[in-house]
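Asks: For reference, the chains in residue letters:
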Amino acid sequence: MGNLSIFAMQAFNGLSTFCVLLLMALGLAIIFGQMGVINMAHGEFLTIGAYTTYLLSQFSERFAPWLLNSYFLVAIVVAFLLAGALGLLVEHFMIRYLYKRPLDTLLATWGLSLIMQQVFRSVFGAREVSATLPNWLMGSVKPTANIDIPINGLLLIGLTVILTGIVFFGLLYTRLGVQVRATMQNRAMAGAAGINTNRVDRLTFAFGCGLAGIAGAAFTTIGSTGPTSGSLYIVDTFLVVVFGGAQSLLGTIASAFSIAQMQATTEFFMTGSMAKVLTLSAVILILMLRPQGLFALKVRS
Amino acid sequence: MFLVGCNQAKATSSTSTSGEAPKAASGSPASAMAITDKEVTVGQLHSATGTMAISETGSIEAERLAIDQINESGGILGHQIKITQEDGASDWPTFAEKAKKLLEQDHVACVFGCWTSASRKAVLPVFEKDNGLLYYPTFYEGLEQSKNVFYTGQEATQQILAGLDWLQKTKNAKTFFLIGSDYIWPRTSNKIARKHIENVLHGTVVGEEYYPLGHTQFGSLINKIKAQKPDAVYAIIVGGSNVSFYKQLKAAGVTAENQTLLTISVTEDELLGIGGENMVGFYAAMKYFQSLDNDNNKKFVAAFKAKYGPKSVIGDVTQAAYLGPWLWKAAVEKANSFEVDKVVAASPGIELTTAPEGYVKVHPNHHLWSKLRIGQAQLDGQYKVVYESGLIEPNPFPKGYQ
Numbered sequence: 001m002g003n004l005s006i007f008a009m010q011a012f013n014g015l016s017t018f019c020v021l022l023l024m025a026l027g028l029a030i031i032f033g034q035m036g037v038i039n040m041a042h043g044e045f046l047t048i049g050a051y052t053t054y055l056l057s058q059f060s061e062r063f064a065p066w067l068l069n070s071y072f073l074v075a076i077v078v079a080f081l082l083a084g085a086l087g088l089l090v091e092h093f094m095i096r097y098l099y100k101r102p103l104d105t106l107l108a109t110w111g112l113s114l115i116m117q118q119v120f121r122s123v124f125g126a127r128e129v130s131a132t133l134p135n136w137l138m139g140s141v142k143p144t145a146n147i148d149i150p151i152n153g154l155l156l157i158g159l160t161v162i163l164t165g166i167v168f169f170g171l172l173y174t175r176l177g178v179q180v181r182a183t184m185q186n187r188a189m190a191g192a193a194g195i196n197t198n199r200v201d202r203l204t205f206a207f208g209c210g211l212a213g214i215a216g217a218a219f220t221t222i223g224s225t226g227p228t229s230g231s232l233y234i235v236d237t238f239l240v241v242v243f244g245g246a247q248s249l250l251g252t253i254a255s256a257f258s259i260a261q262m263q264a265t266t267e268f269f270m271t272g273s274m275a276k277v278l279t280l281s282a283v284i285l286i287l288m289l290r291p292q293g294l295f296a297l298k299v300r301s
Numbered sequence: 001m002f003l004v005g006c007n008q009a010k011a012t013s014s015t016s017t018s019g020e021a022p023k024a025a026s027g028s029p030a031s032a033m034a035i036t037d038k039e040v041t042v043g044q045l046h047s048a049t050g051t052m053a054i055s056e057t058g059s060i061e062a063e064r065l066a067i068d069q070i071n072e073s074g075g076i077l078g079h080q081i082k083i084t085q086e087d088g089a090s091d092w093p094t095f096a097e098k099a100k101k102l103l104e105q106d107h108v109a110c111v112f113g114c115w116t117s118a119s120r121k122a123v124l125p126v127f128e129k130d131n132g133l134l135y136y137p138t139f140y141e142g143l144e145q146s147k148n149v150f151y152t153g154q155e156a157t158q159q160i161l162a163g164l165d166w167l168q169k170t171k172n173a174k175t176f177f178l179i180g181s182d183y184i185w186p187r188t189s190n191k192i193a194r195k196h197i198e199n200v201l202h203g204t205v206v207g208e209e210y211y212p213l214g215h216t217q218f219g220s221l222i223n224k225i226k227a228q229k230p231d232a233v234y235a236i237i238v239g240g241s242n243v244s245f246y247k248q249l250k251a252a253g254v255t256a257e258n259q260t261l262l263t264i265s266v267t268e269d270e271l272l273g274i275g276g277e278n279m280v281g282f283y284a285a286m287k288y289f290q291s292l293d294n295d296n297n298k299k300f301v302a303a304f305k306a307k308y309g310p311k312s313v314i315g316d317v318t319q320a321a322y323l324g325p326w327l328w329k330a331a332v333e334k335a336n337s338f339e340v341d342k343v344v345a346a347s348p349g350i351e352l353t354t355a356p357e358g359y360v361k362v363h364p365n366h367h368l369w370s371k372l373r374i375g376q377a378q379l380d381g382q383y384k385v386v387y388e389s390g391l392i393e394p395n396p397f398p399k400g401y402q
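So the protein lines, in turn, are chains E and A.
According to this note's numbering, the first sequence is numbered sequentially starting from 1.
According to this note's numbering, the second sequence is numbered sequentially starting from 1.
Honestly, the hints are just simulated from the structure, not real lab data.
Incorrect hints may appear among the rest.
[As the list claims (entries may be wrong)] Okay, the calculated beta carbon distance ranges per label pair: (1) A:E72 - E:Y97: 52 to 62 Å; (2) A:K298 - E:T132: 24 to 34 Å; (3) A:T255 - E:V161: 22 to 32 Å; (4) E:Q292 - A:N258: 22 to 32 Å; (5) E:R62 - A:N294: 29 to 39 Å; (6) A:Q402 - E:Q292: 44 to 54 Å; (7) A:E97 - E:A11: 47 to 57 Å; (8) E:L81 - A:E39: 50 to 60 Å; (9) A:K334 - E:F269: 53 to 63 Å; (10) E:F269 - A:P125: 37 to 47 Å; (11) E:G111 - A:E97: 20 to 30 Å; (12) A:N199 - E:F168: 55 to 65 Å; (13) A:V200 - E:V277: 41 to 51 Å; (14) E:R62 - A:G75: 36 to 46 Å.
Glycine included, C-beta positions come from ideal geometry on N, C-alpha and C.
Model the full assembly from the supplied sequences, consistent with the hints where possible.
Replies: Below you can see the structure in the form of structure tokens.
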């Protein structure tokens, strides 16, 4: 096999790692970045998306075989709605009492994540489950005889581009987006200008959770579905958001990209565990030099 | 998090070496045990909650099934078995604490429990101090032997050597790529595999890679496999990582059609999460598969499904856990006593011809003589047995492999 085809596949691998990181960090970037809420239960909202996909796959296998080829797309939408709805409830009953105590949100949401994990375990059983994925999703494209481009990787890339576009457009150009940014920059002033900041908080949190749900649904193509599946991603997710600069979406993108490329490259030249060590060390070093992350919003102090 | 997996041990040091089992400091005499005229109490100590519940649930179910069956057939020495169950909650100190409670407060006659090596290492000092008796079901890295523990799963050499021999013989494998999750069991096992490949089979290890537990992105590793094109991949990945690895392998076009792969860490339990379609054609080396075609196993599978539902699956460890109560029963009856010292003394040489895996025999080193099978993964999440070795002697301290 030519070195060139390995290089091509490795480049694609870096790209799809980038998309995985960005997809899972997008929701958190909004919740943590825009609202300052440290949501340790973010991974469990991912899990909700994964189980939604599993349930829909079971449903279509049993009752609607005609859905089997396309249920996955439905699952993405349903996962967004379910995770978002649960996000609304969580915001209403828990988070909104903690806005002034950001460190307490860490404890409270960590507790929430434990509760959610045990609920998954009690409802779906402790064993992992597997959604039957449509065949068109699981193969690879072969542009030449030696190169395999995974279709699920292409799907992740497409989904990430679309969602990032929506989030960007939404924040910059919609009325709600403007309200979100105003609330984030100066809550009191935004309130004085007639913005219902409580409503903005609620919707922002729910939207972030919904995005996690979508990521969870998408990750069933590359990962496991079990009570603790989401928690596999939580550390990397925070890493991406913090490294990028908490309040900057552009920073999140740049951070996901650099971490993914660093990891993919080092992984190829050394063992996986060493690559992880090197990546984390680099991140720590850069954060020591730039504590505010890669991109920081200039805020008046 | 580490769903599948086995054996996350924290220490490599052996607690006691062959032949010099520690002498119990304060043995609990049989009179202090929880035994009435009609009942004998045993303990069950697994994780029913937390990350390990995924793996240990099967063991809990199998041990209960065996105890129910023993009770139905009249119990042991006229005693019905009563179970006191404790939850180790996937937390190693909790395991030690609950072991202490079972032995010192409940005075159970023996304990069926633990799954990871880490939990076993945590309870070992308790069992040795209180002179308790533990039946441990998981295949593990070896390098341990205790007077107070019987290991009903395979130690590393039993699971590894015959499998590699098979790869060389039937697949003509000369180059091997070793993969594992980064903790003691895969590392110890791959070390044994490497020695065997290089010294006995005279093959080449073209790659040896470890990834952190819970790792989810295997693209780079898969590209390395593609670049090396080994005759065989030898995989010991555990937990959620397992699912990611096999799904991404398939998506990258690496299937049984163009790559031979042998794993020792994917039982039917894990295959449930991976999905048969993602592993079809790959091989696993275990002592037991649910599809084993013998009368013992047919009865066992039928009884298990009758009790826990038609969809339940039975993996290697679940079957090994099922052996525990039966081995204990045989030893107690041979010793004609529930006393730990007498039961331990009576154990070596005990044979079980009713074992679902066929036949096992207790070795003086407290491990079992057993066979190794190679199974090929099928679309429906089961394995088809394609090879069966002869009985293999357990050798927890293999010379030349450390």
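Asks: For the hint 37 to 47 Å, verify it against the beta carbon of F269 of chain E and that of P125 of chain A.
Replies: holds (43 Å)
Asks: Just to be sure I understand the hint, the distance between the Cβ atoms of E72 of chain A and Y97 of chain E should be within 52 to 62 Å; is that true here?
Replies: holds (55 Å)
Asks: Could you say whether the range 22 to 32 Å given as a hint is met by the Cβ separation of Q292 of chain E and N258 of chain A?
Replies: violated (49 Å)
Asks: Does the Cβ distance between Q402 of chain A and Q292 of chain E fall inside 44 to 54 Å?
Replies: About 50 Å separates the Cβ atoms of Q402 of chain A and Q292 of chain E, which means 44 to 54 Å holds.
Asks: In this structure, is the beta-carbon distance linking R62 of chain E and N294 of chain A contained in 29 to 39 Å?
Replies: holds (34 Å)
Asks: Between K334 of chain A and F269 of chain E, does the C-beta distance stay in 53 to 63 Å?
Replies: holds (59 Å)
Asks: Could you see if the CB distance from R62 of chain E to G75 of chain A stays within 36 to 46 Å?
Replies: holds (43 Å)
Asks: With respect to the beta-carbon atoms only, verify the hint that E97 of chain A and A11 of chain E lie 47 to 57 Å apart.
Replies: holds (51 Å)
Asks: Given the range 50 to 60 Å, decide if the beta-carbon distance of L81 of chain E to E39 of chain A lies inside it.
Replies: holds (54 Å)
Asks: Cβ-Cβ distance between N199 of chain A and F168 of chain E: within 55 to 65 Å?
Replies: holds (59 Å)
Asks: Quick one: are V200 of chain A and V277 of chain E within 41 to 51 Å, going by C-beta?
Replies: violated (33 Å)
Asks: Using the C-beta atoms of K298 of chain A and T132 of chain E, is the stated range 24 to 34 Å upheld?
Replies: For K298 of chain A and T132 of chain E the Cβ distance comes to about 28 Å; the hint holds.
When held up to the earlier numbered hints, the structure conflicts with 4 and 13 and fits the remainder.
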